[in-house]
Amino acid sequence: MNTADTPPTTIEIDTRGQVCPSTLLITLQQLNTHKDAIRQGQTTLRVKTDNRHSTVTIPGAVKNMGYEVIVTKEKSYYVILIGRHLAGDQQP
Amino acid sequence: MKIQELVTALHHACQNPVAPLPDHRLADNELAPLVALAVNLIEENRALKSHNRKAICYIRDKINQLLQVIGTLPLRPEELEDDTLLTLDPIGVVAESFAQILEHQRETNKNLELAMEEIEAIFEAVGCGVLVVDEKMRVQAYNRQVKLMFPTFTGSWDGIPCHNIVCRDSRLSQQCPFRKVLDTGEIVHFNDWPVGDRYFDIVATPIKNRTGKVVKGVLLYHDTTSQKMAASALSAEKERLAVTLRSIAEGVITTDVDGNVMLMNRVAEELTGWRQREACGQPTCEVFWIVDEKSRSHCIKLPSDVISSGDTIELAGDTVLIARDGYERLVSITAAPIRDHDRETVGVVMVFRDITEQKRLDEEILNARRIESLGILAGGIAHDFNNLLTGILGNITLARMTSEPSTPLAEKLSRAEKACLRARDLTQQLLTFSKGGAPVRKTATITDLLKETALFALRGSNVQCHLDISPDLWPVEVDEGQIAQVVNNLVINADQAMPDGGTLTVGADNITVGNRSHLPLTAGRYIKIAVQDTGTGIEPDHLDKIFDPYFSTKKKGSGLGLASCFAIIKKHDGSISVESKPGQGATFTFYLPAAKSAPVEVPSPPEEATPPGTGRILIMDDEEMILELAKELLTADGFQVETATDGKEAIAAYQKAMRAGETFDVVIMDLTIPGGMGGKETIQRLREIDPGVRAIVSSGYSTDAAMADFVSHGFKAVVPKPYRAEMLLRIIHRVMSDTFRN
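Taken in order, these protein sequences are the chains called A and X.
Sequential numbering of the first sequence, starting at 1, is according to this note's numbering.
Sequential numbering of the second sequence, starting at 1, is according to this note's numbering.
Keep in mind that a hint or two might mislead.
Unchecked claim - DSS-like mimics (lysine-lysine), calculated; alpha carbons at most 27 Å apart, straight line: (1) K213(X) x K228(X); (2) K451(X) x K596(X); (3) K180(X) x K228(X); (4) K62(X) x K35(A); (5) K62(X) x K136(X); (6) K216(X) x K35(A); (7) K147(X) x K62(X); (8) K48(A) x K63(A); (9) K147(X) x K216(X); (10) K570(X) x K63(A); (11) K63(A) x K110(X); (12) K48(A) x K73(A).
Derived by calculation from the structure, the hints in this document are not laboratory data.
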């Protein structure tokens with residue numbers, strides 16, 4: 001667990017091999033843990049998943065919580081980026 | 001049961017929840033309590049496991065419910081083992097997430113509230129009236145502005161059909177903007193929508209549901225009444241300005257600061273020959289070509305002069321405007337800067353008028369004054385001049401009397417005499433334009449006058465003269481000198497119109513003018529004299545100006561000839577007119593009223609046959625020469641002659657003669673005696689002394705009515721100076737004849 005004083009810029013979670021809703025629960029658990037840093041825009045959550053359904057359920061859930069989401073596709077998995085003010089910071 | 005068997009059975013019962021439990025009674029007595037305890041524990045364990053399974057099922061069930069709320073799939077049992085599930089604490093995770101969702105929801109709601117407040121503020125603050133209606137046109141929302149715009153409907157507007165509030169006119173509401181929005185589903189704009197005595201711009205915007213059906217409309221009302229009033233006032237003002245510009249007699253051209261034409265009115269178009277649409281944007285000098293009348297060197301660039309001086313410039317009358325077709329006009333121009341509100345010069349306005357005619361009139365007036373002063377001068381010397389002419393004429397007559405008739409000497413004397421008479425006529429012409437100059441009329445047949453004057457004027461000309469005078473021409477009551485002057489002028493003009501020769505016809509005929517005649521004459525008997533030439537004719541443009549004083553087409557013409565003809569004929573109650581076509585000659589026609597009586601003058605006997613005079617004659621004149629001449633002439637004719645130099649002397653001589661019983665048969669008196677008693681006063685006194693006095697008045701020149709109306713002043717006859725001896729004698733004989741005896 002990271003200290004609250006110096007949160008990393010990006011927290012990465014690898015959920016590859018897992019399917020929804022456990023990927024969602026894992027993501028939500030991390031989101032809950034780091035919510036202050038993420039809400040303030042200091043930290044971004046980077047979720048790797050190879051479960052296609054997760055690219056729908058995770059963004060749907062976190063948007064309701066007031067986060068921004070960007071989903072990108074890598075070669076063999078998806079990256080779901082969650083945070084605040086993402087558009088200005090991240091490459092599409 | 002052995003211990004080993006018991007342990008196996010108990011173990012089996014632990015693993016298998018449905019396996020039968022060993023009976024403690026079958027155990028040895030010593031083991032029986034332990035078996036019973038173990039069975040109890042197993043039973044308890046079985047109950048706990050069952051309860052645990054139910055709890056996990058319940059947790060999974062609830063987690064699935066929560067996940068469904070979040071929007072994901074239910075958990076599959078194989079995906080997460082019960083132990084992992086419990087480690088992950090999904091309810092905690094989801095609960096925490098829900099907390100975040102709620103927090104986000106709260107934030108969103110707060111933001112929404114703020115947005116609502118903002119919208120509410122905008123709704124009220126917007127300068128327009130806003131009305132929101134549902135698809136049945138019932139008011140859903142409205143702002144304060146719209147309520148102020150349509151104050152007639154009091155109370156709450158909610159749910160009220162909008163046409164009850166706004167239009168209040170069934171005909172208007174048929175064309176309702178929102179109806180159109182409902183029909184088209186599109187935003188609709190209406191300009192100047194009349195409601196009552198006000199006008200509105202209306203924007204109606206549809207609000208659609210997800211299926212695209214219009215469920216509401218937002219109507220935006222902007223009161224344009226004052227704008228429309230201002231616009232119509234502005235347009236009225238513009239129209240007034242345009243009408244004013246069109247109506248004024250001056251030309252108006254405005255330019256921008258670079259001197260390019262911006263606007264010109266109708267008069268400016270006429271004077272320059274440019275139409276506004278062609279001239280717009282052109283440099284001023286292209287359109288408004290003005291030069292100094294004398295130097296004519298370059299176009300005067302008025303706009304740049306005005307802008308550099310910053311002041312009004314006036315060009316009073318030495319400026320010539322050259323129109324597009326080359327026509328030149330004298331103009332007076334005022335050019336002034338056009339300034340905006342900040343006193344910045346934004347252009348130049350030039351106002352100009354054609355003063356060609358005015359300048360001509362000014363010159364005419366100047367000319368008239370010059371002529372008038374000439375006339376006054378002529379009037380001043382006429383008396384002396386005519387006295388001198390009388391002396392010359394009289395002496396010529398005396399010379400002729402002593403010369404043999406039909407000799408070269410007699411011929412030369414005769415020519416000299418005629419020249420003297422022409423000199424007299426010339427003086428007369430000048431006198432026409434001095435004040436007075438009333439014709440000294442007498443009844444005469446002017447046949448001879450016409451012949452003589454025409455032939456005299458054509459002497460030395462290559463023009464043939466043809467006379468067509470009615471043999472029984474009625475006599476007229478005229479001043480023969482003046483009529484001769486008219487004929488002379490007409491004949492000279494005709495002669496000049498035929499530089500290469502031609503035919504001049506002088507016709508004279510009797511004519512009776514009826515009541516319905518187109519001639520400007522009162523009904524009656526007239527003689528009509530026509531002077532017709534075969535010359536160059538007169539331009540139609542000139543025909544109506546030809547009798548105007550000072551109008552002349554001749555380079556050295558005074559413009560007085562025809563004008564004096566007109567004046568003379570008018571004074572004789574006649575009329576004069578002209579007909580001509582260019583290249584086809586001209587005919588001047590004048591009418592003179594026929595005399596009511598036959599000429600008083602009896603046909604004069606041949607000059608040689610004038611009977612010798614017998615009688616006494618008193619002549620009064622301040623001019624020594626006249627006295628001597630008349631004395632010589634009359635004495636030569638057989639009269640006894642006495643002379644007097646003024647009225648007093650004349651009266652004394654007359655009284656003396658009366659006392660001596662030798663009354664004068666005739667008294668000839670000059671009308672004016674400088675510094676002494678003249679003829680008019682003298683005759684009054686003489687009539688008192690001798691009511692039967694026979695007096696003849698004579699004058700070189702006088703504006704006195706006594707010359708024209710001598711009879712009522714007590715004279716028997718008039719003899720204008722200069723006179724020829726024959727005329728004087730004829731008049732004396734006539735006065736002495738019985739006709740004049742009282």
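Failing hints, ascending? 1, 5, 6, 7 and 10
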